[in-house]
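Visitor: Protein sequence lines correspond, in order, to chains A and B. As numbered in our numbering, residues 1 to 337 make up the first sequence, in order. As numbered in our numbering, residues 1 to 378 make up the second sequence, in order.
Hints may contain errors.
Cross-link-like lysine-lysine pairs, in silico, DSBU-like; alpha carbons within 30 Å at most [as the list claims (entries may be wrong)]: (1) LYS153/A x LYS257/A; (2) LYS355/B x LYS270/A; (3) LYS111/A x LYS116/B; (4) LYS307/A x LYS136/B; (5) LYS111/A x LYS355/B; (6) LYS111/A x LYS109/B; (7) LYS111/A x LYS106/B; (8) LYS270/A x LYS48/B; (9) LYS257/A x LYS192/B; (10) LYS121/B x LYS111/A; (11) LYS355/B x LYS81/A; (12) LYS106/B x LYS136/B; (13) LYS111/A x LYS136/B; (14) LYS66/B x LYS109/B.
Residues from chain B that keep clear of chain A, each with C-beta distances beyond 12 Å, as calculated [said to hold, decoys possible]: (15) GLU112; (16) LEU118; (17) ASP131; (18) PHE142.
It is worth saying that the hints were derived from the structure and are not from the lab. As the structure is a computational prediction, the values presented were derived from the model and not from experiment. Quick reminder that beta carbons are idealized off the backbone N, C-alpha and C, glycines included.
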Amino acid sequence: MHLEEPETIGRGMQLYSIKAKLFLTFLLAVLVIIVGGMVSIFFFSQVLTSTEGFVNTTLPKISRANELDITARDIRVGTQKLIHADSRDELYSSFTQVDELLDRLEMLTAKVSQEGGEANILVLNRTSQTIRSQSLLVFQMATHLISLQQEIKNLANETRGVLTSLSLGLLEMDPERGAISKDYYLTYNGLQRQAMDVLSLLDECSEIDTREEIEELARLFAEKAEQLRFLSLQLGELTGRTMSNQVLESGLERMEKTFPLRRQQLMLEKTINNSLRGLELSSRELSQVSSDHARRIFAIFQNNAGKVIENEKKTVSLIVTAMIASSGGLFFSFGWL
Amino acid sequence: MLRQIVMNRQGRLTIAVLVMEFLFFSVGGQAKEECLQLARKVSSQLTKPVIEWNGPLDGPAAQAGKTVVYIAEDLRNGGILAVGEGIRQAVRVIGWQVHFFDIGTKDEKRAEVFAKALAMKPDGIILGGGDAISNKDFLVPFQERGIPVVSWHAAPFPGPVAGTPVAVNITSNSLEVARAAAHYVLAEAKDKAGIVIFTDSRFAIARKKSDAMAEIIRACKECTLLSVEDVSLAETSSRMPQVTRELLERFGTRWTHSLGINDLYFDHSVATLIMMGHLPTGPPFNISAGDGSSSAFLRISNNSYQKATVPEPLLFHGWQLIDELNRLFAGEGPSGYVIPPHIVTVDNIEQSITKEYLYDPNNGYRDIYRCIWKNRKP
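Bound conformation, chain A alone (with noise of 0.2 Å):
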């Protein structure tokens, strides 16, 4: 009787020996945790690099956005306040605070800007520098508007000084206290009524605010100035006294620049009303521009992470799968052994 001489794999190890069953058995199943480890490690490094990228990178771009958003609208707050200072010291100590942030608007739209991609780089540079040259001309003009309301404050202090003074000078010239004409005393009155009336316009005019409203004052003061001088004079040819006319005369002219001011002062005010539009409506096209960009960028990430997920689950499916086959595989390996 022959006996076939049995098969051998690797040191004399016999093919059907339970020693090369084992080994076979082993090996497999080496191989398949090897196997699925490598295969869970590479979908697990997609998930960490995933989350890194979600980390590193999408969540500091939304957040610029979000950050590009808020000093936009800090701005149009700050600039706002600005017209509401009373003195240069303060105006200025605004327009520091608007600096640095408009200083940081620029920081951030260069930054999202270079970015690229995903963001309307046009739209958002050019509402970004509209903004930091409406909150320039703002504070320009809010500061020369200081300036214009402390002359004409300083103008009517002036003059209702002068005239003040005016009416106290003729009250010591009072015709009771002694011997005087009727025309004297006619053209006396008819000094104080209109230099009171005078005084009238003048409170007047710092509380009007239309354009109309100052030209008819202006007529009307016009008007009052003419008869004031006419009676100035008539006092004086009465009485042989010239200086009422000089003082009568300063503060009719401090009386008369208040006017050209005023208006100035009109323009400036409806021009800073028209900027400040303009700036809210270029804060909020900025807002839009980087609310749509923050969206757009987690718009990306929802759909490369919605990938992830996807080859994830099919990971799993792979990993269960590849685990019940070689649970399969190894208790038939005992079984064989």
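Knowing the structure of chain A, use the given hints to seat chain B on it.
Guide: Relative to chain A, chain B alone:
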């Protein structure tokens, strides 16, 4: 092209003014009255609203389905940004696609941006504001792949940029712009003007502009060039307040006018003028010869601390860049057209600028280009 300019009234008047200027400077300094006459003529011509087209009336039809890339040196620059807007408008009409990149003047980003642009395999490249010579190495790969390159303000003068792949550089003639601003100052000043010029000696073209301005001021005996201040454009925000204060203390009321090679100088000098009590409508009167920034137009329209500017027609240049690329795609040469300068003042600003405060000539250029690209007679 020349025939079109001569046939057009505006073109004839511009040629006449330029000839007079040439004679003026070739004969030498002139008497006060002649000096003022020339200044008034130039100023009057260049402040007229631009309503007539003196550019090309024909060209190749739109080459279909092209993709172009606009590589902006820095979109914080209002001029580069506005040219981008013009390009966007034009590509919508011509039916192309455009992609925008912003280098942000960061050298470390430059290689990356150009590499991204090259990877997109565009049909054409537009370089916005970057210097052609210093970007030459980045542009050569495009040339090697047969991708034409055009540019805006990549060199001081219009036309091809020698030694680089840039086939056409679009810009106004910087010296004409500078002279226009100087003539305006003389015409407005009438006499006894004290003028300060602001320039940036880092740029050759800025020096040429300020030299041209100074030459015109010096040629008029009644005007005085008080000073030429060299202030870097990158440092205007930090230096201009101090420079303005020092000039006011040094010259006082003798300083009646300022000439700047860019609007930026006045962005940062106005606060000082206000603090020192100068009225928005009063001297010193500020005039610039730069790109025409929105802040400059805001100041001019409010008659507040700026009298005039000689702006670049940025939106138009965007359209012209697309037209020049179209000509190159069709295998034709550039149009060679250079739009003449225009002075924007408070009197003509409403006809000259858009609601986004950009200078936009009202000469129907969009319709002209539309007709050319659609192969129709304008």
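Visitor: Quickly compare the C-alpha distance for LYS257/A and LYS192/B to 30 Å and report which way the hint goes.
Guide: holds, 28 Å
Visitor: For the pair we were handed, LYS111/A and LYS109/B, check the Cα-Cα distance against 30 Å.
Guide: Given that 30 Å is the threshold and the Cα spacing comes to 12 Å, the pair holds.
Visitor: PHE142/B clear of chain A by more than 12 Å, beta carbon to beta carbon?
Guide: Non-interface label on PHE142/B holds, nearest chain A Cβ at 18 Å vs cutoff 12 Å.
Visitor: Can the restraint linking LYS111/A and LYS106/B be considered satisfied, given a maximum Cα separation of 30 Å?
Guide: OK: LYS111/A and LYS106/B at ~11 Å, within 30 Å.
Visitor: Run the C-beta distances from ASP131/B to all of chain A and say if the shortest one exceeds 12 Å.
Guide: holds, 19 Å
Visitor: Would you check the hint for LYS153/A and LYS257/A, treating anything up to 30 Å between C-alpha atoms as holding?
Guide: holds, 12 Å
Visitor: For the pair supplied as a hint, LYS106/B and LYS136/B, confirm whether the alpha-carbon distance does not exceed 30 Å.
Guide: With a Cα-Cα distance of about 16 Å, the restraint between LYS106/B and LYS136/B holds, given a limit of 30 Å.
Visitor: Confirm or reject the statement that LEU118/B sits farther than 12 Å, beta carbon to beta carbon, from all of chain A.
Guide: The assertion about LEU118/B holds, with a minimum of 15 Å to chain A.
Visitor: Does the alpha-carbon distance linking LYS270/A and LYS48/B stay inside the 30 Å limit?
Guide: holds, 29 Å
Visitor: Can the restraint linking LYS121/B and LYS111/A be considered satisfied, given a maximum Cα separation of 30 Å?
Guide: This hinted pair holds, its Cα atoms lying about 25 Å apart.
Visitor: Keeping to a limit of 30 Å between CA atoms, is the pair of LYS355/B and LYS270/A held or broken?
Guide: Distance of about 18 Å is within 30 Å: holds.
Visitor: Hint check: LYS66/B vs LYS109/B, CA-CA at most 30 Å. Holds or violated?
Guide: Status holds; Cα separation ~26 Å.
When held up to the earlier numbered hints, the structure conflicts with 4 and 15 and fits the remainder.
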